[in-house]
Structures are given as C-alpha cells and as structure tokens.
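If you're matching positions, the sequence shown starts at 153 in this note's numbering and goes up one per residue.
These aren't lab readings, by the way, just hints derived from the structure by calculation.
Check the hints yourself; a few may be wrong.
[Stated by the list, open to error] Dumping the calculated DMTMM-like pairs for lysine to aspartate or glutamate here, alpha-carbon to alpha-carbon at most 20 Å:
no., residue 1, residue 2
1, K359, E369
2, K359, E246
3, K355, D231
4, K211, E194
5, K370, E194
6, K359, E235
7, K355, E246
8, K359, E223
9, K359, E244
10, K206, E222
11, K359, E239
12, K345, E264
13, K355, E262
14, K370, E193
15, K355, E235
16, K345, D266
17, K355, E255
18, K359, E259
19, K355, E343
20, K355, E244
21, K370, D231
22, K359, D236
23, K206, E235
24, K206, E193
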Amino acid sequence: MSESDDLKRLAAPATGQPDTVRPIDAVTGVLLEPGQECRIEELRPGVADYLRRKYPSLKPDDTIDRGRIEELRRQSILDLLREDRGELTPIENEVANSIASRETLAENTELEFDDTETLGSRVADLVADFGGSWIFIIGFASLLAVWMAYNTFVVASDAFDTYPFVLLNLVLSTIAAFQAPVIMMSQRRQEAKDRLRSTNDYKVNLKAELEIRRLHEKVDHLITRDRRSSEETGDGKNELLRRPKQPRLKEARQRSAQRRSSALTPGVTVR
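Input sequences plus hints: build the corresponding full structure.
Pasting the structure below:
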C-alpha cells in the first residue's frame, strides 16, 4: 500500500461513508476542502510529468491542492530550462515566473530608458546627432572657408589670424577636445539602450518558445484524451449494437426449431 493510500485511509471518517471523505494533497498530506483538490491526470502534461519524476509513487487518481498548481507550473518550467541550459540566469527565472503567473513580459524599452534620462544625457545625444550629420559637415566646412578667405584676401594687411591660422587650429582643437567625450557619452547610452532592448527580446523569445512547447504538449494531451474517449464510446456503441442481435438470433433459432418440429408433426403451422 502506497503512502497516498495510507493518507486516504486516515482521512476517512469513522462511519466509513465514502461521500464524506475529505480529499488529501498526495504530496504534502494536508487535508483539503471539497472542490479544492485537482487530480494528477487533470493537470497539464508538463506539470504532471514533473510531479511523476519528483514523486514516482503518485497515481493518476491522486489529488493535490489547486492553490499549488501555479507554483508547480513554475517549478516544472524551471526544471525544463535546467535540462536544456544547465544553471539558470535571473532573466530565465523571470521568464519562468512570468509564464507561471500568466503575466505580460514585453516592455517598451524606449519609455523605460527615457525615465532614466538626465539633462546631460539629452545634451550628449543632441551633440552626437548634430556632429554626425551633413548639416554639421557643410556648415563647418563653410565656416573654415570663410575664415581662411577673410584672413587671407579681405583683411590681408590687418588679419587677426594670418597664415598658418594658429587661432583657427586652436579653435578646432578645442571643439574636438570637447566634442569627442560628449559623443562617447552618447554612444555609451546607446549601447545601454541596445543591451536593454536585446535583453527584452531574449526574454520575449524565450517565453514564446516555452509557451509553444507547452502548447504542443497540451494539444498532444487533448488528442490522446479524445482518442481514448472515442475508443471508449466506440466500444460502448459496439456493445449496444451487439446486444439486440442476441435475442433476435435466439428467437430465429427457436422458430427454426419449431418449423422443423412442425414438419414432423402434421397439422401444426408455425408463423
């Protein structure tokens, strides 16, 4: 006798009436209220397989607490991920919790990243956008041409920056010295945004893969159950079809015997 059978026997009242027996969680041994139980065979295939691997003595008609199904679903998903990937990361744990609790996992990374944006980061983005545009290239080239033409041809005798344009070189060096770190700050922010986006994509793709796998298991489970139900229904129909034939066959045999006896006895007619 298994442990679950012992628990059921102990839960039975002294009267021995089966309709008053309270269900028992076959895993924890806790008495359950009527309607709070769920049979092992009614669980999803992934959860049921996880329970059978962890508790081999469980039987299909054993019951567990419905309130523990969500946690068991999470544990079954974690067990499945460990078989495929080994040690789990916090992201994979988050995906498992999201599937078990049926929560939405997709996030708008742009809005989430904008919430952490500061004035300096916005200025860095603007400088990087402007420094990497054709407007900056054309405008800066035009400024250099005007500067050199003005100091070379217009006020050649009284130029404030004569050839080789030392002041212009100083201005260009100063602009480059300030622009390069600002652009690097913007690039770091863009890298952080890309990492956040790729992490979100990974979580969504992993959840979709697991959900599709669980959906396949559920469809296979439904097909198997429907097939069993169809076979049982077909057996019942065949039994019903066979039953009427037996009395008719017996009656036909009786009539045949009566005809044979009437043939031997003159004056007797069998209808």
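Hints and how they fare:
1. K359 with E369: Holds: K359 and E369 sit about 15 Å apart, inside 20 Å.
2. K359 with E246: 10 Å, holds
3. K355 with D231: The given pair, whose Cα atoms are some 17 Å apart, holds under the 20 Å limit.
4. K211 with E194: Holds - the C-alpha atoms of E194 and K211 are around 12 Å apart, at most 20 Å.
5. K370 with E194: This hinted pair holds, its Cα atoms lying about 11 Å apart.
6. K359 with E235: 16 Å, holds
7. K355 with E246: Holds, because 8 Å separates the two Cα atoms, which is no more than 20 Å.
8. K359 with E223: Status holds; Cα separation ~17 Å.
9. K359 with E244: 9 Å, holds
10. K206 with E222: Holds. K206 to E222 sits at ~16 Å (cutoff 20 Å).
11. K359 with E239: Roughly 17 Å between the alpha carbons, so the hint for K359 and E239 holds.
12. K345 with E264: With Cα atoms ~10 Å apart, K345 and E264 stay inside 20 Å; holds.
13. K355 with E262: Holds. K355 to E262 sits at ~16 Å (cutoff 20 Å).
14. K370 with E193: 13 Å, holds
15. K355 with E235: Holds. K355 to E235 sits at ~18 Å (cutoff 20 Å).
16. K345 with D266: Distance ~10 Å between K345 and D266 Cα, so the pair holds.
17. K355 with E255: Holds: K355 and E255 sit about 13 Å apart, inside 20 Å.
18. K359 with E259: The hint holds at about 13 Å.
19. K355 with E343: 18 Å, holds
20. K355 with E244: Holds: K355 and E244 sit about 7 Å apart, inside 20 Å.
21. K370 with D231: Given pair K370, D231 holds - Cα atoms ~18 Å apart, limit 20 Å.
22. K359 with D236: Given that 20 Å is the threshold and the Cα spacing comes to 14 Å, the pair holds.
23. K206 with E235: Status holds; Cα separation ~14 Å.
24. K206 with E193: 16 Å, holds
Checked against the numbered hints given earlier, this structure breaks none of them.
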